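Residue strings, one per chain:
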Amino acid sequence: MTLDPVLQLTALAALALVFASAAWHKLRDLLAFELALEAYALLPGWLLRPFARALPLAELTAVALLLFAPTRGAGSVLALALLALVTGAVALNLLRGRTDVGCGCGGIEDEQTLSWALVARNLLLALLGATGLAATTPRALLWLDYLSVGAGALALFFVVVLANQLIANHPRLARLRVRPA
Amino acid sequence: MTSALAIAVAVLWVIVIALALAVFALARQIGVLYERVAPMGALMLDEGPKVGERAPSFTLTALDGSSVNIGQPSQTGELVFFVSPTCPVCKKLIPVLRSIARAERDWLRVILASDGDEAKQRAFYEKAELGDFPYVLSTELGMTFKVAKLPYAVLLDESGTVRAKGLINSREQLESLFTAKELGVESIQQYLQKA
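If you read the sequences in order, they're chains V and X. With the working numbering applied, the first sequence covers 1 to 181. With the working numbering applied, the second sequence covers 1 to 195.
Warning: the hint list may mix true and false statements.
Label-pair restraints from in silico Cβ distances [as the list claims (entries may be wrong)]: (1) V/His170 with X/Val16: 20 to 26 Å; (2) X/Trp107 with V/Gly88: 47 to 53 Å; (3) V/Leu173 with X/Arg122: 35 to 41 Å; (4) X/Ser67 with V/Leu92: 39 to 45 Å.
None of these hints come from the bench; they were simulated from the model. Predicted model, so just to flag it, every value in this text is computed and none were measured. Think of the CB as a built atom: it goes at the ideal place given N, C-alpha and C, for glycine as much as any other residue.
Extracted from the complex, chain X is given alone in its bound form (with noise of 0.2 Å):
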């Protein structure tokens, strides 16, 4: 009689652990989901320079002492990431970032923006490897671009004109960026709302 309560015991014990895993793994499935379809598109706060109006240009140095030229013609596009070293979705997002400057190369530059106390901008940077892009800390820049929430990115053409722009959460909201410009829209959000 006692063995047998002591083995009922024991497996059921089993199959509790096993099933507290199985709805763990179930609820990091859902939050998975969640992630993937968030709002479609990157939400845009209509404010700054306006999409299709040429950003106001900037030359400022990075945190490698390089001279970094924003909304200047030039060769390349720019994608200006602005992040900043308390955001946990921008540190989410950098390994996306990588991968996007890759495949884009041959037309885009990304530049990261951010602004505040140095120190913790450089240990951010060390920390994150950020060598491969340049890193500029100014208040202005953000302050030019109405930057209320990060991360926050902005697409410029080659001739330095806003092309799209909006709250980045994800790797699909920052694809989005690219299609809208692809499609010559504002927003993913406005071709949406027109079809």
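Looking at chain V on its own, in the form it has when it is part of the complex (with noise of 0.2 Å):
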């Protein structure tokens, strides 16, 4: 199956927007990132400082990678390893029942907790960059095709950080439904 060429740079596009503003967020504030990742236990300390360094410009790499053509291949199998890296943290604590675990993904994130609803938004996400990896009809583009991509990752880009704050508003209201006895 082939796909239209505005199809996949929309997708590719929103995606290296919410890549952007998650290493963005890390390393603002490095100190917090690192906080966050030792809270999931899955590293040795002394790994922990380089680690939290290494993956924001990890994540900077696959936005550079993403945005011009010749590199856009190798820019979504990063994100996708990336997108496996992360996310198979956080089932492997989901997994050792550690829900209380801040997401340490930045900006909104922060207030999130460990959820199967995180697993299942960058399940979403790889299908983005799970595009890259597809063949485009080719097609030359108009300007109205730009507007669709730019205008349409926008959209996309948007409708993720609202996922993130309805995901962040969750435990909220389940806390309002059980009332202390």
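Take the two lone chains and join them into the complex the hints point to.
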């Protein structure tokens, strides 16, 4: 199955925006991210500091690769690998029953605690990334196509931000439902 | 025809983006509301020294080297606030603690307590600029007050008696400790149940 280039470009541009914002939030408060990583209890102490710096840099690399046509495929692969890595870390902690760990994803997600909703969100993001690997139907792009790509990517990005907010709201709502005896 | 379609698409995009932003803003406001109306009063886990009992006394050394007395009769009451560098809510409550320490400074000392790896604690202490608070590290203190979840606060009066305590997630819950002390009840939950 081949994909229209506009669909592919929109998906990848939206993914690049998501990664750029994630990296920016991590770099803005590196210590907070390091502490969040520690709470995941997956890495030995000496690895926390280098890993906390390497991850946002890898995210920015993925953004840069996604932006340009010749490296788009490589960017998709890197983005998918990073998504698999962080989703795996979240899923491992969920399987260990640790749901009160902060997400440490930065921004609004800082208020998120781990949940399967995060895993589902990341799978949908991976779907966006996977479009980078699909074959596209070659066709000349009009200016209107570029409008669709730009506006579509922006709209998708806002929907992801919105989903994050709703995921962060959920445990608060759950706390309201059970009244302490 | 083509330009009519193009304009229609452009207008629709503007509306879609504006609506996405509007829904996001609504979700954000709902989140803030959930936070504000969260359980009335600090949730009290009924363990450790009871409200109305004398707290066990401690003399500890703070991170800045000063000596801190907890639970001994003194001029001021004490709010012992248990935190950890890994707890996101703790970080959020630090500005609230600062404003309470300022507003109640005539009769109250705010003490931060934690335990665990000292290097991590120091990094947190410096990063969050906690220099105005005495910050003590003691596993025994947390064990004595049976602190199971963070952030946790214990309010002691001038005689070293426990006046209120509980798990704190918001400014309202922290303030409820002071209300509990003023009303002379164990916790706001208990007060509401009686009413």
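Now the hints, each set against the structure:
no., hint, result
1, V/His170 with X/Val16: 20 to 26 Å, "holds (25 Å)"
2, X/Trp107 with V/Gly88: 47 to 53 Å, "holds (51 Å)"
3, V/Leu173 with X/Arg122: 35 to 41 Å, "holds (37 Å)"
4, X/Ser67 with V/Leu92: 39 to 45 Å, "holds (43 Å)"
Checked against the numbered hints given earlier, this structure breaks none of them.
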